[in-house]
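So the protein lines, in turn, are chains A, B and C. Start counting the first sequence at 1; every next residue gets the next number (this note's numbering). Start counting the second sequence at 357; every next residue gets the next number (this note's numbering). Start counting the third sequence at 698; every next residue gets the next number (this note's numbering).
Some hints here could point you the wrong way.
[What the hints assert, rightly or not] Below, in silico cross-link-like pairs of lysine-lysine (DSSO-like), each with a Cα-Cα straight-line distance of 30 Å or less: (1) C/Lys858 with C/Lys729; (2) C/Lys1062 with A/Lys328; (3) A/Lys188 with B/Lys467; (4) A/Lys147 with C/Lys1058; (5) A/Lys316 with B/Lys510; (6) C/Lys1088 with A/Lys294; (7) C/Lys729 with A/Lys294; (8) A/Lys294 with C/Lys858; (9) A/Lys328 with B/Lys408; (10) A/Lys296 with C/Lys729; (11) B/Lys601 with A/Lys316; (12) C/Lys1094 with A/Lys296; (13) B/Lys467 with B/Lys661; (14) A/Lys296 with C/Lys1088; (15) C/Lys1058 with A/Lys294; (16) B/Lys420 with A/Lys316; (17) C/Lys1062 with A/Lys147; (18) C/Lys858 with A/Lys296; (19) B/Lys510 with B/Lys654; (20) A/Lys147 with A/Lys294; (21) C/Lys835 with A/Lys294; (22) A/Lys296 with C/Lys1076.
No wet-lab data here; the hints were simulated from the structure.
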Amino acid sequence: MKMRKILLRLPGEVVLSDHSILVLTVLYFLLIWAIYPHMAGRRNLANLFSNVWPLLALVIGQMFVLIVGGIDLSQTSIMAVTSVLGAMVMATRFDPAKFQHNPLWDIVFSEQGGWLAGSAGAVPAAIVFMLAVGIAIGFLNGLAVAKLRMPPFMVTLVGMSFFSGLAIYLTRSENIMHLPDRFIAVGKGAVGPVPSALLIVVSLTVIAFVILNRSVLGRWFYAVGQNIRTARVSGIPTERVIILAYIFSGFCAAVGSILYSARLEAGRPTLGRNLLLDVIGAAVIGSISLFGGKGKVLWAVYGVLFFVVLDNSLNKMPLEFYSIDIIKGCVILMAALLDALRTRIGANQLIPAAGG
Amino acid sequence: MKNAKRFILMVLFGLVVFVPGGCSRKDKQSAQITICFAFQDLETEYWVAAHKAITETLRAQNIKVLERNAHQDANRQLEQIRDAIAQEVDGIIMIPQDGESAVTIIGEANKAGIPIGVFNRPPADRSKPALVVVADNERIAEEAVAYMAKAARKLNRKMTPLILVGDLGDQNSIERKSGFYNAVDAHPDLFKKPIEVPTKWDATTTLANLEAALQVEPGVDFLFTSSDFLYPQVKAVLEPLGKWKPIGDADHVILGGLDGDSTAYKLMKEGYVDATGVQDLFFEADAIMDALLEAIEKGQSTPEKWIQDPGFALTQENMAEREMDMWGCRILKDAEAGIEK
Amino acid sequence: MTEWALEINGISKSFFGVRALSDVSLCVHAGKTLGLIGENGAGKSTLMNVLGGVMPPDEGTMRLFDEDYCPTCPADATRAGIAFIHQELNLFGNLSIADNLFIDGFPHIHKSPFIDKRSTHRQAEELLTSVDLQIPPKTPIERLAPGEKQLVEIAKAMRRKSRIIIFDEPTTSLTATERSRLFAIIQRLQDQGQTIIYISHTLEDVLQVSDAITVLRDGRLVSAGPCSDYSVNRMISDMVGRKIEQMYPARDTHPETTSVLEVQGLSQPGIVRDISFKLQKKEVLGLFGLMGAGRSELVRIIFGLDPFRAGRIRIEETDIAKPSSAASIRHGLAFVTENRREEGLLMEASVLENLDLLTLKRFAKLGPVGLIDWITTSKGAHQISKRLNIKSGPIRKHRAKNLSGGNQQKVVIGKWLLTDPSVLILDEPTRGIDVGAKYEIYRIINRLAKEGAGILYISSELEELMGMCDRILVMSNGRLKAEFFRGDYDQEAILQAAFSASDRPANSDGMN
């Protein structure tokens, strides 16, 4: 009788455990490998992981905002606008035919290149500038949500509209090519055998981990997301905490922008346009709750891994193009359902609150 | 403890990436060639026809075709082509989202030593070697508009010309505009200053902007559209103004376009359109496929060619002899034949 | 006509190895009222959950009016004729009374799918009359007072012709008038032969309405018998397992003259007017008043959560220029709010995470960006958990929402105690908590006062204040009306002051 109970509990325990998504990912990977042998080939794995890093950067940023009970829909437009602004600082050449009629022609950039083109500090300056813009936009988002008490969905939706429109306006829909090699190396290069993108994003992940799990600020993020009123009574500066979450999200979006821009070797005003579903989807798959108060760095990693493996596998199958979106949508729905189920199973096994 | 586990896992995954000779098994059976055809949605008739022409021709030659639709997302196309490279395809045919991403992707193919062909939308520069097939948009446009000017001469009045300009991020649009101006500037006495209406290659934008333009200048009687797929919008604007009249009518607006789709053919047959520049789709498709297959055969890893499709202008004058050269006409006739059967 | 309405035999239930119920057997006579009492954690709620089909028992059986009764879901219980009148009411706020009454079965027009509105209205009126509620059935529920909502629930139970009605802590949010009305209805139900189970912490009430009494303690049934066998004292000692000589522990310290909190001329239009008082070291100062007098609002202003137009706040001789919760905490203020679920706890977090919430910053180097000093904060939390006798699983894992009410309150108090406050403000700290836990909290308060803190104690139970406080201030309509000293407590006078409507303070001597 007891043995049976233990055995019956086992799959439940796996489902409830923290690592369920990783297990699922590995199982799925093995399944696909059986069908498409080159799935585990070196080249494919390299591709797969190079797709993981930029997405992971974004999801980590989004996670902070989700934990405090908000959402950041403007991440993709932060990517676009920082991509474009960074390129304007460091690009080495601008094609007059395309940019002559640009409002910033000869003011910020000219045929000879961007604002700091050619100088040794162009690339670091551009990178710093991009991160600063990401932080600034995040700050504005956080301010509107925390101080003006506007709903995060609306604030960041408006932000998304505005900043992607701004990016297109600044470049008149043109992509800015001729980025310096040193910048491209940041996204595509390697330090020894290790891809630089890996270094950047893993560092970001570690920092996020330390903040969330080991610092006071991390506990404050969770407290604000779980019950903002209790947090206020407990003297936590809730407004500052919320603003910080959005700043971090903007910062991570800028990091993502650096990696994606380097990948595509251009400043693009349409960068990241279709990524939002991937970011939110990976977060949900990783069981980061859309209601706030719940989320772990580990889950973000697992969620992104699963998502990228799924994407990679779908790319191999001979599917009609709309099928990919349908499948992705179904998977995300399953993940949300599974999460709800986990919460219910967990609740039934615990002592209910006694009256009073 | 949990966190240590996670780091170990990440390191493991990383190692798998770097350990040489991973677990790839070469899956090359016989000498069947695999080509990846990466495109961007199939929005207009031209792309649908091109897609059909390329995939059917290749498959007919017993070539395996991996089709990838990037949905107008440059990053997605990059990922798809990287994936194709990882699958060690023999060659790639690409329709890029824009000239800039084309250059980047060509670079990836070059690095991997896989020959790559670019169809119809040229890369922003020629810094990296690739097989490129483009239509000589400028010449084709000029030829079409020159015929339209000839027709205008007969009317003995000064014309008010208008051009629907395509998305200026697209090299083809710029060339078509140049061709238009070449023909118009050759007859300075015939034309007033042309009105430019931006369309961004979008039907809704076209409708709105064209309507506005005609409100400002209702006397437009000479109209060139940079792409045939906008003819329905032109009709929608001209018809309520009583300006949608066939040739011979006093209110006929001299009309011309470029591409050569079936709509243009029908409208020419009905007499509404005077001339249409034709991209020779079948020539272009054949050219890219031939060049790529030749490069594959010769074992070239970074072949470079720039093939220009001279195209031609189908006019009311030469319609009888040359209509079967227009791919839009051929598609229409094939469909009709199919229905009759 | 059977003798037994409900027979429960040998019910046991465990959660994660913790026994909530052990072999509980009890019977309810048909047409009689059973009073069920016990501390929180004694198992009353678990027993009710089993009865109501929320969860199955591990062992044991139940019989309802001589038939086997094994519900698998709450709907089964409802169908079998069991109705619960809970503390948290299950009414739809935006719908009308009539809609709520008939939500699970509207009368139809002649078997058509259309609702017979007139019949609904008429029947609703009849039901409302039977519970003495003179409110039009069209009124939306959200406009009703808690007491009136409760009567609607009762009416709903009557409509369903429930065979057993179970009242679970019905009087907690009621005013005095509403309470009497409730008892009148219960009397009427009893006259009609309704079987009732009455659960409450207000032992006098239980004695008043019940025919028989059953006492649970630690998951077991420890005593049962006719009501005549019981007195409040016996009920308490059976519940707690020991004799409690007195309700309130003895105080052996006296307030000192130094003031720890001083409020001068505090005003916020519409909320409080010209409040001035001093709280002394080692003093327990009570704040009494009717609901709506402004007591909670006052302390929220003092703590810095709400703004004020005029006045001064001084903590230990320091003027607080910009009051905020963070500033108050910095100066040694602690505030246990009246709503622990909404503002006192992080329900989803663990007990440990709740306890150390306020000490994190203090023990981290580099402030908020600093790393948490696990060892120190964890030790503090474990110590306070032991000291306050918080009954819970391992505090690192156990979620706050899974504690009983009394233990939850202890967690909130413990969280604040860890800040070593010089002023502790408590707003209704023992509301809805069983006798045993109450006594423990009283002892904690006394000890705190002895150790030098000043306590500001808000309560609606005058007896509690009279038992615990050195001084009682009375508020009414946002103003301080009177002040009473220990030794001179006069229940009638205090109540009169609380009810006084005039603007001038009734008692003009001794106000600081």
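Structure-based check of each hint:
{"no.": "1", "hint": "C/Lys858 with C/Lys729", "result": "holds (16 Å)"}
{"no.": "2", "hint": "C/Lys1062 with A/Lys328", "result": "violated (45 Å)"}
{"no.": "3", "hint": "A/Lys188 with B/Lys467", "result": "holds (13 Å)"}
{"no.": "4", "hint": "A/Lys147 with C/Lys1058", "result": "holds (23 Å)"}
{"no.": "5", "hint": "A/Lys316 with B/Lys510", "result": "violated (59 Å)"}
{"no.": "6", "hint": "C/Lys1088 with A/Lys294", "result": "holds (26 Å)"}
{"no.": "7", "hint": "C/Lys729 with A/Lys294", "result": "violated (48 Å)"}
{"no.": "8", "hint": "A/Lys294 with C/Lys858", "result": "violated (44 Å)"}
{"no.": "9", "hint": "A/Lys328 with B/Lys408", "result": "holds (27 Å)"}
{"no.": "10", "hint": "A/Lys296 with C/Lys729", "result": "violated (54 Å)"}
{"no.": "11", "hint": "B/Lys601 with A/Lys316", "result": "violated (51 Å)"}
{"no.": "12", "hint": "C/Lys1094 with A/Lys296", "result": "holds (16 Å)"}
{"no.": "13", "hint": "B/Lys467 with B/Lys661", "result": "holds (18 Å)"}
{"no.": "14", "hint": "A/Lys296 with C/Lys1088", "result": "holds (29 Å)"}
{"no.": "15", "hint": "C/Lys1058 with A/Lys294", "result": "holds (21 Å)"}
{"no.": "16", "hint": "B/Lys420 with A/Lys316", "result": "holds (14 Å)"}
{"no.": "17", "hint": "C/Lys1062 with A/Lys147", "result": "holds (28 Å)"}
{"no.": "18", "hint": "C/Lys858 with A/Lys296", "result": "violated (51 Å)"}
{"no.": "19", "hint": "B/Lys510 with B/Lys654", "result": "violated (55 Å)"}
{"no.": "20", "hint": "A/Lys147 with A/Lys294", "result": "holds (23 Å)"}
{"no.": "21", "hint": "C/Lys835 with A/Lys294", "result": "violated (42 Å)"}
{"no.": "22", "hint": "A/Lys296 with C/Lys1076", "result": "holds (25 Å)"}
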